[in-house]
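**Student:** Listed below are the residues making up each chain.
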Amino acid sequence: MITLIVNGTRHQVSVPPDTPLLWVIREVIGLTGTKYGCGMSLCGACTVHVEGRAIRSCVTPVSAVAGKEVTTIEGIPESHPVKQAWIADDVPQCGWCQPGQIMAATALLAANPKPDDAAIDEAMEGILCRCGTYQRIRTAIHRAAGTTSKGGAP
Amino acid sequence: MSGIVTMNRRDFLKAGAVLGGGLIIGVHLPLGTAAGMEPPGETFAPNAFIRIGTDDSITVIVNKSEMGQGVYTALPMIVAEELEVDPSIIRVEAAPVTPDYNHAEWGIQATGGSTSVRTEWERLAKAGAAARMMLIAAAAREWKVKPDQCRAEKGFVLHRASGRRLSYGKLAERAARLKPPAEVLLKDPKEHTVIGRPVRRLDTPAKVNGTAIFGLDVAIPGMLTAVVARPPVFGAKAKIIRHDQAEKVPGVKRVIPIDAGVAVVADSFPAALKGREALAIEWDEGPLAGLDSGRQRDQYAEMAKKPGAVAARRGDPDTALKGAAKRIEAIYEVPYLAHAPMEPLNCVASVQPDRCDIWTGTQMQTGDRNAAAKISGLPPEKITLRTMFLGGGFGRRAVPDSHFVREAVQVSKAIGKPAKVIWTREDDIHGGWYRPTFHNELAAGLDAAGMPIAWRHRIVGQSIAIGTPFEGGMVKNGIDETSVEGAADSPYEIPNFLCDYHMAPAGVPVLWWRSVGHSATCFVKEGFIDELAHLAGKDPYQYRRQLLKKHPRLVGALDLAAEKAGWGKALPEGRGRGIAVHESFGSIVAQVAEVSVGTKGEIRVHRVVCAVDCGRIVNPAIIAAQMESGVAFGLSAALHGAITFKNGRVEQSNFLDYPIIRMDEMPRVETHIVRSTEKPGGIGEPGVPPVAPAVANAVFAVTGARLRTLPMTPERVLAAASGK
Ligand code: FES
Ligand code: FES
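Residue numbers (the numbering used here), protein chains in the order written: chain A, 1 to 154; chain B, 1 to 724.
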């Protein structure tokens with residue numbers, strides 16, 4: 001039995017300790033907001049927070065987060081400036097990558113409340129969006145941070 | 001489209017089926033779908049697309065798959081306009097699979113070809129208008145006044161003189177007892193308050209808070225999860241399957257050979273994956289075991305030496321070429337490309353003795369439903385297919401052989417339980433159904449003034465339609481229309497013209513890939529015309545303009561893009577601009593890319609200005625989003641994308657070696673929409689084709705290196721620059 005704290009709720013799960021956190025969240029706990037895109041830490045769709053830091057849950061064995069605070073997209077309050085900005089800028093297209101984008105953006109702003117475009121690139125370049133919503137993501141992060149963007153590739 | 005429209009019989013079938021005080025008209029909703037859960041008698045369902053509840057809820061049933069392109073917003077907006085409701089209150093439901101929801105032109109339920117708004121506009125506007133008229137009639141009857149003294153506004157019917165009003169919900173049961181009107185009155189476009197506005201997407205909140213349910217998110221009681229060991233070479237068959245080790249993996253329940261390969265069924269995805277790794281399979285690799293991209297390239301070049309099937313011919317290009325003042329020849333090549341939607345393919349199926357349920361993100365419901373019927377042995381009406389949100393489609397989820405649905409049905413049938421089949425990203429990249437690779441040979445001749453008098457374009461590539469149910473409609477005289485679209489119908493005015501085509505041997509599974517043939521032909525046409533302009537010593541924008549005199553809409557888009565991009569104005573040192581214009585899916589897009597090139601040959605795209613003429617528009621915000629999306633998608637292909645083969649095997653496997661552009665590579669995209677009253681055009685695809693040539697032309701402007709092969713990798717840029 002491994003104890004997990006996901007979005008403030010304790011869960012006892014009995015899975016092999018090397019099971020990736022992603023699949024425990026999705027298949028055992030039943031929270032499907034966290035997405036699978038590559039399974040190899042290449043796309044960021046599975047990004048969640050562990051103790052406030054953005055990590056890739058597809059390559060994180062569940063045993064590594066035993067007893068730690070895990071936050072998923074469902075655990076970010078609706079009133080969070082990032083979620084609000086995402087709605088204001090109508091960021092999502094297909095939507096599959098967006099939970100990962102939002103988790104990366106919330107972690108970024110928690111660590112760096114006023115990121116410039118370079119800081120945004122650095123924090124976000126690991127989260128792929130096949131629909132190409134990057135421009136709106138940048139705008140939304142600036143909106144949430146109350147900063148302005150020069151926009152586009154430097 | 002405004003004014004009186006006569007309703008045809010098909011729009012409002014079966015009026016009069018009274019069920020306990022309410023009325024359901026013309027809708028045959030199988031039980032168990034969301035649409036069937038409404039209790040009868042409380043819902044006003046004037047047609048297959050609209051339901052109004054006594055609680056004032058407005059539901060629009062959408063027969064198109066939402067894969068990011070915005071149909072769950074644009075189509076409800078069309079209804080909202082005529083129904084006189086605020087679009088933001090509309091609930092959207094995915095249509096079940098019945099003929100009522102077939103594509104208005106294709107006779108099957110499907111989403112593709114950038115057709116959704118174009119083909120549904122009239123039908124949905126009529127549906128909304130008819131519902132509005134019935135609600136007004138119900139209120140007028142209640143108030144004992146004439147309908148023309150009443151009007152509808154924001155979900156209410158109002159009586160002008162007395163100031164009385166009733167909400168649609170209050171009128172629902174009464175309206176349900178009325179006959180649909182024989183004729184409907186559509187609003188004058190001048191009075192539109194919804195259409196043409198940047199209405200927010202209706203699916204955004206669910207996609208921001210994680211509650212949107214995609215196919216991969218579906219879980220039903222008793223369900224097991226499977227992954228499939230797929231052939232390492234296309235067409236290979238499993239000869240010997242050793243599954244004892246796989247079956248020992250904790251959680252693995254069954255190992256089952258199916259058409260697609262060997263399915264490993266487990267109680268979780270990680271267990272299924274481990275089980276698959278523990279399988280030992282000997283494959284009979286079949287005829288493609290030696291497939292090699294280099295050799296295939298030579299084979300295509302060899303085929304191109306002979307004339308192909310003629311797709312278009314004007315004048316006498318060979319003679320004109322001989323007499324030309326200047327001649328130019330070039331070879332353009334584009335690779336196989338995977339769609340790589342961010343949500344890997346998946347399907348949940350539950351086969352029971354008397355019914356079969358499917359949950360999946362598909363672009364082709366009817367074919368998938370029929371395939372499930374065949375495998376389960378049940379009649380099609382016993383199959384319930386629920387279309388979930390699609391985590392990207394780009395054509396990949398419209399498969400003529402329904403493979404990702406078939407395999408789930410096969411597994412469920414074999415285990416007697418619900419089954420979810422999941423593709424890993426590696427399965428997706430290895431899995432075929434690519435945009436075909438094309439080899440293009442070009443020759444052109446200019447007159448003394450530098451204008452083209454001859455243009456010859458030979459195309460070699462696989463057909464996406466051959467051997468599919470679409471072959472009859474798409475392949476004529478040995479020519480797959482999608483292999484030559486955008487090339488054979490080039491709008492440039494050139495008196496002597498030839499476009500011919502060799503259909504390359506089938507084998508690698510190929511498919512429509514966002515913008516289909518245009519994804520290749522536009523790169524060739526717009527690259528080569530740029531070469532002609534430079535050979536003539538003319539400005540490539542003006543050169544195009546001169547050759548497009550008979551196409552005012554193309555010129556309009558070109559002018560708008562050039563103007564907004566500041567064409568001709570000075571740029572910072574080291575930057576260059578490239579331009580391209582192309583018509584596809586009923587719309588015209590011109591783009592100007594602003595580019596710089598690093599010392600290692602790396603291309604940086606700073607800005608892309610898009611001018612789009614897609615006729616009458618529904619939602620400018622969605623158009624802008626689709627331009628941004630098209631640029632990103634096109635840029636991934638222009639800079640990075642290639643699927644290649646060695647020893648019959650795909651050499652790429654995941655985003656490491658099949659990269660798509662990232663945040664730091666995204667240019668600033670600006671979208672300018674040409675005001676138009678023309679027929680509506682598509683918007684999901686037309687933003688893709690001009691990207692690669694605009695970038696290639698910009699690279700030429702800044703470096704003098706002409707790139708004729710995609711992707712434009714740093715090595716190719718350096719090679720072109722040193723050989724210029
Ligand atoms: S699924 Fe974890 S990074 Fe892609
Ligand atoms: S919104 Fe579709 S992958 Fe990002």
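Bear in mind the hints are in silico, worked out from the structure with no lab data behind them. On a predicted model such as this, the values are computed, not experimentally measured, just so you know. Think of the CB as a built atom: it goes at the ideal place given N, C-alpha and C, for glycine as much as any other residue. Hints are supplied without guarantee of correctness; some may be wrong.
[To be verified] Distance windows between CB atoms, simulated:
no. : chain 1 : residue 1 : chain 2 : residue 2 : range
1   : B       : ARG160    : A       : ALA118    : 54 to 64 Å
2   : A       : MET40     : B       : PRO198    : 30 to 40 Å
3   : B       : LYS549    : A       : PRO113    : 54 to 64 Å
4   : A       : HIS80     : B       : GLN149    : 43 to 53 Å
5   : B       : LYS144    : A       : HIS80     : 46 to 56 Å
6   : A       : VAL28     : B       : LEU656    : 43 to 53 Å
7   : B       : ALA219    : A       : PRO16     : 18 to 28 Å
8   : B       : ASP664    : A       : PRO16     : 29 to 39 Å
9   : B       : ASP664    : A       : GLY52     : 21 to 31 Å
10  : A       : MET40     : B       : GLU183    : 53 to 63 Å
11  : A       : ALA118    : B       : LYS569    : 43 to 53 Å
12  : A       : HIS80     : B       : ALA219    : 25 to 35 Å
**Student:** State for each hint whether it applies.
**Tutor:** Right, here's what the structure says about each hint:
1. ARG160(B) to ALA118(A): 54 to 64 Å: Because 60 Å falls inside the window, the suggested range holds.
2. MET40(A) to PRO198(B): 30 to 40 Å: Hint holds: Cβ distance 38 Å, inside 30 to 40 Å.
3. LYS549(B) to PRO113(A): 54 to 64 Å: holds, 56 Å
4. HIS80(A) to GLN149(B): 43 to 53 Å: holds, 49 Å
5. LYS144(B) to HIS80(A): 46 to 56 Å: holds, 53 Å
6. VAL28(A) to LEU656(B): 43 to 53 Å: Roughly 28 Å apart at Cβ, these two residues miss the hinted range, so it is violated.
7. ALA219(B) to PRO16(A): 18 to 28 Å: holds, 20 Å
8. ASP664(B) to PRO16(A): 29 to 39 Å: About 37 Å separates the Cβ atoms of ASP664(B) and PRO16(A), which means 29 to 39 Å holds.
9. ASP664(B) to GLY52(A): 21 to 31 Å: Given about 24 Å between the Cβ atoms, the range holds.
10. MET40(A) to GLU183(B): 53 to 63 Å: holds, 60 Å
11. ALA118(A) to LYS569(B): 43 to 53 Å: violated, 27 Å
12. HIS80(A) to ALA219(B): 25 to 35 Å: About 27 Å separates the Cβ atoms of HIS80(A) and ALA219(B), which means 25 to 35 Å holds.
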